[in-house]
Amino acid sequence: MKTFDSKSLLKDFTPEIEKTSIAWWVTLITFIGIFLLGVHALGRQVSEGHIVTGMRDNVVWGIYIVNFIFFMGLSYAGALLSGVLHLYKAEWRKPVIRIAELITVISLLIGPFFIFFCVGRLDRLHYLVLYPRIQSPITWDVIAITTDLFGCILFLYLSIIEDLALLRDSLELNVPAWKKKLYKFLAMSYTGTPEQRKHLSQARNIMAAMIIAIAIIVYSVLAWIFGVTLQPGWHSTIFGPYFVIAAVYSGTGLMIIVMWLFRKIYRLEKYITLRHFCNVGYILLVIGAFYGYFTFADYLTKWYGSQKMDALLIDKLFSNFFWLFIFANYIGILIPIIIIGIRKFRTINNIFIAAIITLLALWVNRFLIVIPTLETPYLPIQDHRIDWIQYSSTWVEWSLSAAGVAVFAILIMLFSKLIPIISISEMIEVEDTSDETI
Amino acid sequence: MENNDSKTSSRRRFLREGLLLGTGALAAAPLLQSCAEEHTMPADKVKVLTPDGKVLEVDRANLKEVKGSQLATTKEAIQGLPGRKFVMVIDLAKCKNARKCTEACQEGHDLSKDMEWIRIYLLQDSPETSPYWFPRPCFHCDNPMCVSVCPVGATYKRTDGIVLVDADRCIGCKFCMTGCPYSARVFNWKEPKPQSLEEKDYSPELNVPAKEGTVGKCVFCADKLRNNELPRCVTACPMGVIYFGNILDDTITNGDETIRFSDIMKERSGYRYLETLGTVPSVFYLPPVGRMFPVERGLESIDDETKSRYKNVDYVKNLSKPK
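These protein sequence lines map, in sequence, to chains A and B.
Just remember that this note's numbering sits 1051 ahead of the position in the first sequence, which is counted from 1.
Just remember that this note's numbering sits 821 ahead of the position in the second sequence, which is counted from 1.
Think of the hints as simulated: they come from the structure by calculation, not from any bench.
None of the values given here were measured: they were computed from a predicted structure.
The C-beta atom is built at its ideal place from N, Cα and C for all residues, glycine as well.
Nothing false has been slipped in among the hints.
Partner residues are not named here, just some residues of chain A that face chain B (Cβ under 7 angstroms, in silico):
hint: 1; residue: G1100
hint: 2; residue: Q1186
hint: 3; residue: I1189
hint: 4; residue: P1428
Input sequences plus hints: build the corresponding full structure.
Rendered as structure tokens:
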């Protein structure tokens, strides 16, 4: 049986930390450019007011809120995969667990910014803390998200301490002095004594269990922002669990995409194999089936009962939003299930494509939750201004959305230059299965 | 008994002073400040007392109401008026979409033309039933969803039933707007049009000056009520559609006639809009039975832009169809 040892692992992973290719810089600068466009758009929004967005008095929440739900959902990848797999001690998780944790923290950092963009008075944001009202689901959200963020950062940190110590102690590592100093500082004089190992392992077990619970709370609270209102399409008891499932679905999809990208770019074929894609794929399949079932159950009861407002909403979904609805709730569920469910289709690239479809479908799903409901108020919209009747997002909103994606890429790129994207300490003594076929 | 007496007298005072709206306020109002609200009355002379004690005789037509003279501070505005619980009754049989309520409201609150705190809908419950004009102010619900969901306590419910928004506290999250099932709230998407009051005179009871990035809505003219006057929409309506009063006194008035709230509810089968939602509105409607005007009168007097609002109503669609 062939296993990995720390020397060979370090040799394989450290080149990415030591050297940086021109292509990497070009990519980074491109993303920074997109980010700066977003900054410009935000400047316009602040100086001219929210009139530069497509939001109006009926559709008061646009794609900012869609992005917010979307990014918060992505953060679920880590909560589920790292938390659950850690607790169940699934061996195959080891090469992919750090990617999951990273996605969690970064998307959790980005998500709330979309709420900030949506808020009319950015200068009064601190009122949320100064004058909080615990009756409001937004206050629940503030508490839940901050707790989740701290928990996830702590969990990520606990899982990189061992690697930081390895990097600090490696004599062959050729990095600038500031990086060495940073490793030394962050490793907190961890040397791997039995007692230290025990404490670290206990801490990680506790945090793994906690972030699963916190993540469920965060996502349910998010759903209740919509669920507790009386609006048709939102006022539904299924919303809490539905949002949780949808979040895991999109998070798992992003996980596969990031795994595929790092495998290609950092040449990790030896470590991230078809087996890992299949295993994460199976999770995607099961969650996708649940998500499809929840979606069906929600729309079936609304359609069959066909109360006036529900009927109007479903009419709208199947007319104005027809193709988006088909994409989000048919293609986005069936195609990933077919690709992963049938052995013949189950290749790394196909699973990657399934994941992309999942991710896009879930963004559209959130769009279809937010916008059509706001376009269907109890009192019919009677207005001569077309933008007051139908929401259409503007370049400002799209620029800021793109900036969110760019920041995600920038942060993940920068992190991968600091710490190996695959956990060295976890990989030690793992069986090398790269030659195996499934 | 004593309690009853004080209630009766306060009701009388409310009604008397409410009915005397205009004369009282105008006579007390010197020509000191500029303001948007001009009254066009017969050109007779009135005597006014200036702050330095001189009595002047001026043309009544030149008088302007002074805004902000007796506005409650933000702190005072949190307290409801004691012994009052306000109620509005809108008689749908009388409304002909004259839009005077909307205009008076916009003028009184320095709203631009595209912002309406009281909005007139043309409703038709089903293609077979008759259409009717439906003015919709804020319903000042007793179980207000907007107040429940506000994360910073910027919108609140007073003891007299009024729901207000403090534009100095509002962070503009718009959660209240999605919470309100009646679309009663509007957002200041851009810098508001020039306002007649300065920041230091701001009161949630009038909500002037408006602030960009915050939410506004009908305030039941809480500033007028504090001075025992009727809301602007009530006095502006030429048909006397809107009745207003104190439910604790069981009396409502549209400025011309004063009636018992409980009697009219019984006689005319008053109802609240979307009662099933459980928001418990303070605004009641009288069904459009025995109408004073045919519904099409409401389409005649308005401009094409406003007319185009109603183009999707079945009744309006059928009008344009060749017979």
